[in-house]
Amino acid sequence: MDTLPVTEVDTEKVGWLTWLAAARAWLFLAILFVAFELWAQLAYHTTFLFNPFNVQSIAVFAVAPLLLALGQTLVIISGGIDLSVGFTMGFAAVVFAHCVNGTLDSLGVFGSLVVGVIAALSASIVPGLINGLLIARLKVPPFIGTLGMYGVARGIAFLLARGTTVPVRNSILAVLGNGSLFGFPIIVLVTIMIVAVMHFVLSQSRYGQHVYAIGGSRQASLRAGINVERNTIVLYVLSAVCAAIGGILYTARFSAGAAQAGEPLLLDSIAAVVIGGASLFGGSGTVIGTVIGALIIAVIQYGLVFVNVEPFWQFVAVGVVIVISVLVDQSQRRLGGGKVDEE
Amino acid sequence: MKSDPILEVRDISKRFGGVHALEKVSLNLYAGEVLALAGDNGAGKSTLIKTISGVHKPDEGIISYDGQPVTFENPQQARDHGIETIYQDLALADNLDAGANVFLGREVMKRVLGLPAVDRRKMRTEAAETLKVLDIRIDRLDLPLRSMSGGQRQAVAIGRAIHWKAKVLIMDEPTAALGVPEQRKVKALVRSLKQSGVGVIFISHNLVDIFEVCDRIVVLRRGIVAGERSISNTTPDEIVRLMVGG
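If you read the protein sequences in the order shown, they are chains A and B. Take the first sequence: its position 122, counted from the start at 1, is 122 in this note's numbering, and no numbers get skipped. Take the second sequence: its position 66, counted from the start at 1, is 1066 in this note's numbering, and no numbers get skipped.
Honestly, I wouldn't trust all of these hints.
[As the list claims (entries may be wrong)] Derived contacts from chain B toward chain A, CB cut-off under 8 Å, selection only: (1) Q1088; (2) D1089; (3) L1092; (4) N1095; (5) L1096; (6) G1105; (7) G1114; (8) A1117; (9) V1118; (10) V1225; (11) A1226.
[Unchecked claim] Restraint ranges, calculated between C-beta atoms of paired labels, are given here: (12) Q1088(B) / I144(A): 52 to 58 Å; (13) I144(A) / R1137(B): 55 to 61 Å; (14) F143(A) / T1071(B): 37 to 43 Å; (15) A23(A) / K1057(B): 48 to 54 Å; (16) V326(A) / D1059(B): 33 to 39 Å; (17) L159(A) / T1071(B): 49 to 55 Å; (18) F182(A) / V1112(B): 52 to 58 Å; (19) W19(A) / Q1088(B): 31 to 37 Å.
Honestly, the hints are just simulated from the structure, not real lab data. All C-beta atoms in this analysis are idealised placements derived from N, C-alpha and C, irrespective of residue type, glycine included.
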């Protein structure tokens, strides 16, 4: 019997270009480092990259947007989006601050922290669960469902905080939020651990495989017997819990819980996912890509400040990078022989 | 005909609101037989295959599989019995490779550091073996399906059904979206499935295809069986008359 004809695309040439497109985030990060290094050397006769303080600051800078982006990565791969992460983070931050303060006298510095963490994580499950139920069970489009939760979480967070930030009186918290272990900031180490867990879940577990399948084709997943509804609900809960961890670390860093803590970070989180190679059409993306994406944003923001450019250029730079990433993603899909606007 | 049917549909009726989609439809399918299901749009072909594959529950009538009456609550239960359906849109995840698609929802697991992890290599090699049995060669098994041709994707869909030892395979317009060489290949696949003892229900608008690969043909018209013929005792003209009535 004859074999099937292969696709008409020249595989060798495409293989190289596909590789380049896949590695674009790494390349871009490298180019940014080189560019800022040259800029710093030529304009100020100083180093950008080889200054440990800069590297540490960039890592700390990337923590909160990255945590929001981790859950967002899985949500976007499944073909959804979570617009509520920023205020879920703020909501969790305020719950955390209140609970730590409220139990400090009775439970002491350690006990109150444990209660605060448990309370903040549990509280964040509520918005995540509601998002998931709205989207999976009541078929509300993710954009609308999580936009509603954006408003609800925002309002409740500000109500709980009575419109101001909530200072935390806990001596250990400030140490955890600003201290280092073996030269690494503790909040960065915590984030690395969560990255490792999420990377394993997405790339190795059956659940992660189903997240990709749902993003590739919901119909195919349903017909293959995958519990799409339950998987989707879990996705939004995971996203909310990641955001809550971001809120806890933020509160640790600044010794205050703020409802608006995550407000400017929503777009950064989506940008990190997209720059990291995920497609907003669903079906592709990686945790490592998102980490690189979050670092790219942090380097742009910190680097521009370092070379003394007006801070408003940060928004312009990040915006341009997002659009370029989406353009590269689309041409990559065309190279792969797929339709850009499928499903 | 030979022995007992592998699948027996007896007086199935299905209504949607006031619409009688199926009215006392009966058919038999034998192992190693290709049965064509023909009919104009809206004749009830889709409703019938969805009822057999567990998507719909019949309002009346009995489906027997291997001599036993069965009721399927969902498509998964039909699959567990060995009734696989290849839909016209193939129901593949285009962003995953052939192995992941063959094992979609039934992934092979291994242990990594004591934790359960998806065994992609094993799924790929097993998928390749299944495809080899079907005489299909795919050069790069690690590529997502979206970079494959229509025929290759159809082959993966068939491979998935076969891998799980389907005894009944329902194919909905398997040649509709393909070029001529790939149509030929799919028809060759259907013949080799028949030889290995699978009962195939072949749905098509294309009478040329039906006369080429099928043994028998059941014609539906407005939810009833308008006629049943052996391919060797009928002509395309007669089938068209049965389809349109008159």
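Hint check:
Residue-level restraint check for Q1088(B) is violated (minimum Cβ-Cβ distance to chain A is 11 Å; threshold 8 Å). With a cut of 8 Å, the hint placing D1089(B) at the interface with chain A holds, because the nearest CB-to-CB distance is about 7 Å. Against a cut-off of 8 Å between C-beta atoms, the interface hint on L1092(B) holds, since the closest Cβ of chain A lies about 5 Å away. Evaluation of the N1095(B) hint against chain A yields a held restraint, the C-beta minimum of about 4 Å falling below 8 Å.
With its C-beta approaching chain A no nearer than about 6 Å, L1096(B) sits inside the 8 Å limit, and its interface hint holds. Taking 8 Å as the C-beta cut-off, the interface hint given for G1105(B) holds, the closest approach to chain A being about 4 Å. Given hint, G1114(B) at the interface with chain A, is violated; its Cβ is 12 Å from that chain's nearest Cβ, farther than 8 Å. Taking 8 Å as the C-beta contact cut-off toward chain A, the hint placing A1117(B) at the interface holds, the least distance being around 4 Å.
Restraint check, V1118(B) versus chain A: the minimum CB separation of about 5 Å is within 8 Å; hint holds. With a cut of 8 Å, the hint placing V1225(B) at the interface with chain A is violated, because the nearest CB-to-CB distance is about 27 Å. The interface hint given for A1226(B) is violated, since its Cβ lies 30 Å from the closest Cβ of chain A, which is over the 8 Å cut-off. For Q1088(B) and I144(A), the hinted distance range of 52 to 58 Å is not satisfied, since their beta carbons lie about 31 Å from each other.
Checked against the hint of 55 to 61 Å, the pair I144(A) and R1137(B) fails, with Cβ atoms roughly 46 Å apart. With their beta carbons about 39 Å apart, F143(A) and T1071(B) fall inside the hinted range of 37 to 43 Å. For A23(A) and K1057(B), the hinted distance range of 48 to 54 Å is satisfied, since their beta carbons lie about 51 Å from each other. In this structure the supplied range 33 to 39 Å is violated for V326(A) paired with D1059(B), their Cβ-Cβ distance being about 49 Å.
Checked against the hint of 49 to 55 Å, the C-beta distance between L159(A) and T1071(B) comes to roughly 52 Å, which is consistent with it. For F182(A) and V1112(B), the Cβ-Cβ distance of about 26 Å falls outside the hinted range of 52 to 58 Å, so the restraint is violated. In this structure the hint that W19(A) and Q1088(B) lie 31 to 37 Å apart at CB holds, the actual value being about 34 Å.
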